[in-house]
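K.L.:
Below are the chains, spelled out letter by letter.
There are 2 protein chains.
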Amino acid sequence: MQTFTSVIKMQEWCKEQKREGKTIGLVPTMGYLHQGHLALVREARRACDIVVVSIFVNPIQFGVGEDFEDYPRDLDKDSLLLEQGQVDAVFAPSIKEMYPLGYNSFVEVLGEISQKLCAQSRPIHFRGVTTVVSKLFHICLPDQAFFGQKDAQQVMIIEKMVRELNFPLSIVRVPIVREEDGLALSSRNVYLDAEQRKQALVLNRSLQAARELIQSGERNVAKVKSLLEQTIKTSPGAIIGYAEIYDASDLTEVEEIKGQVLIALAVKFGTTRLIDNLLVEV
Amino acid sequence: MQTFTSVIKMQEWCKEQKREGKTIGLVPTMGYLHQGHLALVREARRACDIVVVSIFVNPIQFGVGEDFEDYPRDLDKDSLLLEQGQVDAVFAPSIKEMYPLGYNSFVEVLGEISQKLCAQSRPIHFRGVTTVVSKLFHICLPDQAFFGQKDAQQVMIIEKMVRELNFPLSIVRVPIVREEDGLALSSRNVYLDAEQRKQALVLNRSLQAARELIQSGERNVAKVKSLLEQTIKTSPGAIIGYAEIYDASDLTEVEEIKGQVLIALAVKFGTTRLIDNLLVEV
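Protein sequence lines, in the order shown, are assigned to chains H and R.
Position in the first sequence counted from 1, then plus 51, gives you my numbering.
Position in the second sequence counted from 1, then plus 51, gives you my numbering.
Simulated from the structure, these hints should not be mistaken for laboratory data.
One should not assume that every hint holds.
Intra- or inter-copy, both count: the list cannot distinguish identical chains.
[What the hints assert, rightly or not] Below are the EDC-like pairs computed for lysine to aspartate or glutamate, each with C-alpha atoms no more than 20 Å apart in a straight line: (1) Lys-66 - Asp-100; (2) Lys-73 - Asp-194; (3) Lys-319 - Glu-304; (4) Lys-167 - Asp-139; (5) Lys-69 - Asp-194; (6) Lys-60 - Glu-230; (7) Lys-128 - Glu-280; (8) Lys-274 - Glu-295; (9) Lys-60 - Glu-215; (10) Lys-60 - Asp-139; (11) Lys-201 - Asp-232; (12) Lys-66 - Glu-215; (13) Lys-128 - Glu-63; (14) Lys-60 - Asp-194; (15) Lys-147 - Glu-215; (16) Lys-284 - Glu-246.
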């Protein structure tokens, strides 16, 4: 496994792989890898000749007062995990390498899809994501790029960006990986103390309750949302950021459950904000 | 020469050329081709295995009240010229093909470079340009893309975008092509009546006067700008949009001529707005 920190060297290496006729799978991450990331790596390994994993805590997707400085990092451990996962190359650039002095180019997906859910409390977040992902696509030249369904809104926005800006690649969504007790894996789970960790189970529990209600025949979105909120509130420390049900294709409002809907949650436990979601099809 | 109107088919064809190890040169145009465009084609022909020319009058770079509807078009004549220029493929998509319903993805270069000169009167122009050029890069997969120095600010912004977003290609600037009497070639010259056509020569004449003043030793920007404006005003129909001298690397203000400067003009004759420029190095 090779590790690159230089944009030019990473790009040259990827160009060389392409010249040799190999397909490239890219797994963009912010590091501090867990089994969710490794599921992405396995999918990429299965689908492509070459697997590149990027590790970059992207400053421009963090707002003022967010956890950019505190975001957990462990490049040595990450490298070991990726080596075991038979990754071919790791791209771990510095901030200066990605955003040199005077940097001022941005890629943006506007509209409803970028204004709801996480965008409400993180207004600059998705512009930072689409910009860094565009850069990574140009540097690593993937045929396929792998993203977790855990960040449901992110993957929807990236799919729209790829389609609309005609990036020559396809996006693969990989399902959420959960702990045995149902907590969705996240690098941010490390922030939780034992009590918060227990309370955080309410995320998955409320999603499952909502799904059961829908499966029992309920189609009224307001009623399902009400159950969702009630269930979250059974956890005394939970502060709801959002608990929403939207059309899963474009995040438009729905009054009635039909087709595929996205049930999406953001809940704070102490200072730690966790997100989770579930796709339900009727 | 093949002509493509479908994004997917154009992209597939370009991918196939790359798989065969060929290099691609792209010449993005809005059509109504003149010798300026054909100079770009010749450069691309010299440098690359495959030459692709795109012809697309890009609606999102025109503001309200600008000449999008009136912009001259002649695809048959353009195709003939490109065939004679030994172009391999023409990409001439419809607006709907490039911007399907609900389109909302944009690429933007912010900062000083995007706020001066043409941006003053055309605030959305460069966002439209960088967006369509990004799309064309993703569709046509060029190793090199060719732009005219005539649109000096445009090529500077595109170079910054390519560098900062790490597009895997290089930009080639091609010098302005002029009529024998000095008028810079432009598809918009067709709007001029005989009298305006004569008056428009003041653009090149004022640039040359400014250059001669600099070459005679003048280094004070205000004095050179003053001569520039005086010269333009000798033409009774000329309405100055701007007549500026900036650092040629980033369009920052300069008080004294040193290194390379860009002398840039936008002048209206009747309803026709023409631009011209000159790079001067001391």
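K.L.:
If a hint holds in the structure, say so; if it doesn't, say that too.
P.N.:
Hints and how they fare:
1. Lys-66 - Asp-100: Both: 14 Å inside a chain and 17 Å across chains, each within 20 Å.
2. Lys-73 - Asp-194: Both. Shortest intra-copy (9 Å) and inter-copy (18 Å) distances satisfy the 20 Å Cα cut-off.
3. Lys-319 - Glu-304: neither (24 Å within a copy, 48 Å between copies)
4. Lys-167 - Asp-139: Close neither inside one copy (37 Å) nor across copies (45 Å); limit 20 Å.
5. Lys-69 - Asp-194: Both: 10 Å inside a copy, 13 Å across copies.
6. Lys-60 - Glu-230: This pair counts as neither: shortest intra-copy Cα distance 37 Å, inter-copy 44 Å.
7. Lys-128 - Glu-280: neither (38 Å within a copy, 65 Å between copies)
8. Lys-274 - Glu-295: within (12 Å within a copy, 63 Å between copies)
9. Lys-60 - Glu-215: For Lys-60 and Glu-215, the Cα distance is within 20 Å only across copies (16 Å; inside one copy 29 Å).
10. Lys-60 - Asp-139: within (14 Å within a copy, 31 Å between copies)
11. Lys-201 - Asp-232: within (16 Å within a copy, 64 Å between copies)
12. Lys-66 - Glu-215: between (24 Å within a copy, 18 Å between copies)
13. Lys-128 - Glu-63: Close neither inside one copy (26 Å) nor across copies (40 Å); limit 20 Å.
14. Lys-60 - Asp-194: Classified as both; 19 Å inside a copy, 17 Å across copies.
15. Lys-147 - Glu-215: Result: close only across copies, 12 Å inter versus 29 Å intra.
16. Lys-284 - Glu-246: The answer is within: 16 Å in one copy meets 20 Å, while 78 Å across copies does not.
Of the numbered hints stated above, those contradicted by the structure are hints 3, 4, 6, 7, 13, listed in ascending order.
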